[in-house]
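Student: Sequence lines, in order, name chains W and D. Position one of the first sequence corresponds to residue 1 (the working numbering), numbered consecutively onward. Position one of the second sequence corresponds to residue 183 (the working numbering), numbered consecutively onward.
No wet-lab data here; the hints were simulated from the structure. Quick reminder that beta carbons are idealized off the backbone N, C-alpha and C, glycines included. Incorrect hints may appear among the rest.
Interface residues of chain D toward chain W, partial, derived using beta-carbon atoms under 10 Å [unchecked claim]: (1) Q260; (2) P267; (3) I387; (4) S771; (5) N775; (6) N1059; (7) L1105.
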Amino acid sequence: MAEHGNLKEQAKEKKIIIGSFLLVLLSVIGLTVFLMPGRGVGYAPSQPIPFSHELHAGQKKIQCLYCHSNADKSPHANVPSTAVCMNCHRVVKVDSPHIKKIWESFEQNKPIQWVNVHVLPDFVYFNHSRHIQKGVACETCHGNVANMERVEQVSPFTMGWCINCHRQPENQAPLNCNTCHR
Amino acid sequence: MSMEKNSMEQKNSGSSPYYWTSLEQKENPVSFAEETGGEFQSTPIREGEEKSGLGRRDFMKVMGASAMMASLAGCTRQPMQKIVPYVNNPEEIIPGLPNFYASACPDTGYGLLVKTREGRPIKVDGNTDHPANKGTLSARGQAMIHDLYDPDRLRAPLIDGTETTWASFDEAVKSAISSNHDSVYLLSSTVLSPTLKALIAQEGIKHIMVDSFSMDDVLDGQSQSYGTRVFPRYRFDKADYIVSIDADFLDTWGSPVEYTKQFSEKRNLSDGRKSMNKLVAFESVMRLTGQNADERFAIHPQNQALIALGLANEVARLSGRSASELSSYSLSAVATKTGIPAAKLAEIAKDLVKFRGRSLVVAGGVAAKGKNALALQNIVNFLNSTLGNDGETIDGTMSVSNQYQGSYSDLQKLLTSMKAGNVKTLIIQGLNPLYQFGEGWGFAEALKKVANVIYLTHYIDETAAAAKFVAAESHAFEAWGDVSIQKDVYSIVQPTIRPLWKTKSLLEMLVDWAPAFGSKVFGDKVEASAYEQVKKTWKTLHNRFGQGKTFQDFWDDALQSGVVGNTKNRDERVISRNFHMEALRSAVSSVQNNVDVRSDYTLVLYPSVPMGNGSQANNAILQELPDPVTKLTWGNYLSMSPETAKKLNIEDGDIVSVEVNAKKIELPAHRQPGMKEGVLATALGYGRQFAGRVGSGVGVSVTNLTTLKELLPTYVLSGVLIAKTGRQEKLACTQGHHTIEGRDFVFETSLEEYRKNPKSGIVRHFPDPKSLWSAHEYKGYKWGMVIDMNSCTGCSACVVACSVENNVPAVGKDQVQRGREMQWIRIDRYYSGETENPETIYQPMLCQHCDNAPCETVCPVLATTHSTEGLNQMTYNRCVGTKYCSNNCPYKVRRFNWYENNHTLNAKFEHPVSMMKNPDVTLRSRGVMEKCTFCSQRIELGKSKAKGEGRRVKDDDIRTACQDACPTNAITFGDVNNPASAVAKLQKHPRGYAVLEELNTRPAVTYLTKVRNRAAAKSAGGEGHHS
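Taking the hints into account, I'd like the entire structure generated from these sequences.
Tutor: In structure tokens, the structure reads:
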């Protein structure tokens, strides 16, 4: 009888040890994963060519829509094609190694693969042109890009954050599910 | 569950007939209700399954732990996403917005409007400016997009079965041709392209055209009767009284999209109209044409000519132009032989004469292509001429159709030449002879005697195996060309995507091979490219139609509008032709000599609406499209009347062997109401062996039963022996997955009653139901839809258009058998009357976007909600798949993704399938419910456009895919809150009602009753009806 009791207790002890080990392991993994930076506020990935908005939009005062020309026409705001860069850089700073990369892309017909900073999930259908046409300034969501050396995400771009603006009565914005989720 | 029978007995309505959706439901309403009463036809746990194998709960227990671990694994750092712009953005492309290009279909000649996104076509509709199809297409036309992106397409040319480059291929072909360039033959389907025809003539190629389904009877009949071998332009838009003898003009005969549009325009009762056309149909097979007729007679195919003769005799007599040739065909004589009451025939003849000049008699569908096919045509031509229809409802001179130019007698001459070894080079295009031609025609043997066989194809199919040179052919969207669908009506075929693979069109090949055809070709210069060659043709057209414009302007306008030519004022210049009585005499003597021996069973072969000639067999959307009449998918079957089946003790799905002319095939049986006893029917276009991974092995090929001895292939076969094999196959039928539980879904009335009371036919058992909660308020837009059941012919173009627009997957035969088809819109078929010759109503059923939606209240996660504009919206990312919503939906319009139909999570789409998906619509994963959204992506785009212009949405801003596709304009969609919109006006129409109004769901879809053009509603006989 005593042996049985011992066995039971031993088995129980074993279970507790294994259980707590697993718990600690999972917590460590979980915390690491959650605390690691992914996308979200502060996301500022490095780009294949270190394009500086501070220089172009800030110092040179080039309009947002000059490069991102489809932002007020199409549901997708575009990143400019190489040809747009070449408009100026055919002659401007031609010897710089970064500009040489643009020339390479243009001459070899290989597009530049920019890293997307403001990424929305696939199930969200965001219509850029509607917002621009409504008069929402670029800085409202994208922050002060003209001061950014490297583009950084400054807004959370979560659904709650979008809804916060949509539900202000003065904005007269739709709140239907199918506005964004089709 | 005797609910069905009780509710039927309790009903006490006026004179609404009893509707049955299928034979199973009619014969065994109680057991049918039991079997289909469950929401889904399969359950996760069946009785007894828990004891053996893993039950659902045990599964969850075991998987619970690892499920928890797996969810943690999902919380990873999100992957980096790239944006890749163009290097040089083409001027006309704005990523995110579609571009539309006008083009034309090289096979049918219809005008197309191709919607492209970022340089790839994703949707095709008709060109609204085209006079023939006016903005609509058939179901097969809508599915063309999927053919373009078929991963099984041939990607490079082959020589002797080995892939090669075009440079080598062209060299080899040119050297093969140049040694005998005066013995080059081209066997093709009807060529509509003036450019191609000119080049063929210039190169001295001998051209034989053959139509997949012969029209030689019509063409030769026209030649004998009027002197010109033309396919006339039938003017259903001018005909007030139509008699069809097995001419399924609403299904596949002639120019069905054009006819459907014209026919339904004359039946439109909105805008206060009180008159409609009338259609009387004699059919040996149940087809849409007969189902949309105001009066239908089921006939034996051997009686087609007799009926025509009886009518001709009586019409001639009434018109004072008796013809002695017809004297032996009095109405009583014909009535005795055919079983159709003489009084009926007299009535029809009288009506035909009453509507002289405004009537139309058509005959000659595939089911009429028996021994007397040509005679039938001549008799019908005589009828039309006597009635003064030629020159009015038949245009045989001004704008005749170019769609059928084939000649099977030319084919027979070619076969003789081939067998004699006189054909050195044979190019084959637009046909798949080793599949479409019967073995007995001798084509395969004759082909062996041809030194160089060049076969143009999209797939490595049946004929490709026998061809030395397999030329990978471009799709219609990938090459330049032109078409002339009718005399003096021209369209440019412009490509909307660069060829996906190494393929070329026939025009491009002939341009590239021109040097091999000798110096005379270069005397009359062949341009450097197909594009230049087309422009060359159009320079001559510019002289005819482009006065006052430069050629460049003319060309640009033609590209933009899609059609050029003599379309205005052509009506006034149609002239009637003189009928040659000799034709009638030869017809009558032919009928007298060709008396078919009556056999117990006669087999009729016909082309089905989804499959046609079988060239699109690899298109899953079409394979899964329910045949409009039988609602069967994924294969063909032997249709027979329920009486015949009973005699032979055959049930649905019994595999039956059919033997005719010493050839035997096996087909599953299908009991089809509306056929005469002893008449069997089955569809051509199935049983492909080498069609690709989807189409191979689906159905049974019946082409080997046909012979080619006379004018055209025999599609009506007598002396048929059938026998049960004892084996069974479950048919994949989409009708019969739901019960109607004795409720009223459709209402109909007669024209006479409608004139007295426009609301006639509608029975409201519980008018004005009260609601528990207050109604929604719609201050802005409110989307609504009206479906006119009087216009809907059941053609199912809307089903395919919706599937293409909304990325709806095909699920396969096995899943369809379980009731899991995914189509968001379906066409329900309601029979009424007796099984010998029932009447039919077609009702397109889609999500009703109910104001008091039963589905919205039961979703535990609020995945389905009501928008402020009246839509029932579906948020796929919230859905967890409880399926409570579809359980609660009384219309059963919600479709569940039981499996991963869009392989985005598990595997990438096989290239290039991902290119055909509509980027504006979510790809739904496994476990998610989906349903019609009223094309919310189009609504958002339309609203955005209107807002951008600072105004409200107008009717034309938003058209749902189904509305765009419908040839009959049965579907109207728009803003109900806008009193000027078409939908707001139609919703108030007295014929309007909502389906299952009494449940107080308050649907956004209003249906308009079906009105049949006859005196008073036929009293529904038989058991179980209410009166």
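Student: Against each hint, give a clear statement of whether it holds in the structure.
Tutor: Status of each hint after checking the structure:
1. Q260: Because about 5 Å separates Q260 of chain D from the closest Cβ in chain W, which is inside the 10 Å limit, the hint holds.
2. P267: holds, 5 Å
3. I387: violated, 40 Å
4. S771: Violated - the Cβ of S771 of chain D stays beyond 10 Å from chain W, reaching only about 66 Å at its closest.
5. N775: At 65 Å from the nearest chain W Cβ, N775 of chain D fails the 10 Å test, so the hint is violated.
6. N1059: holds, 4 Å
7. L1105: holds, 8 Å
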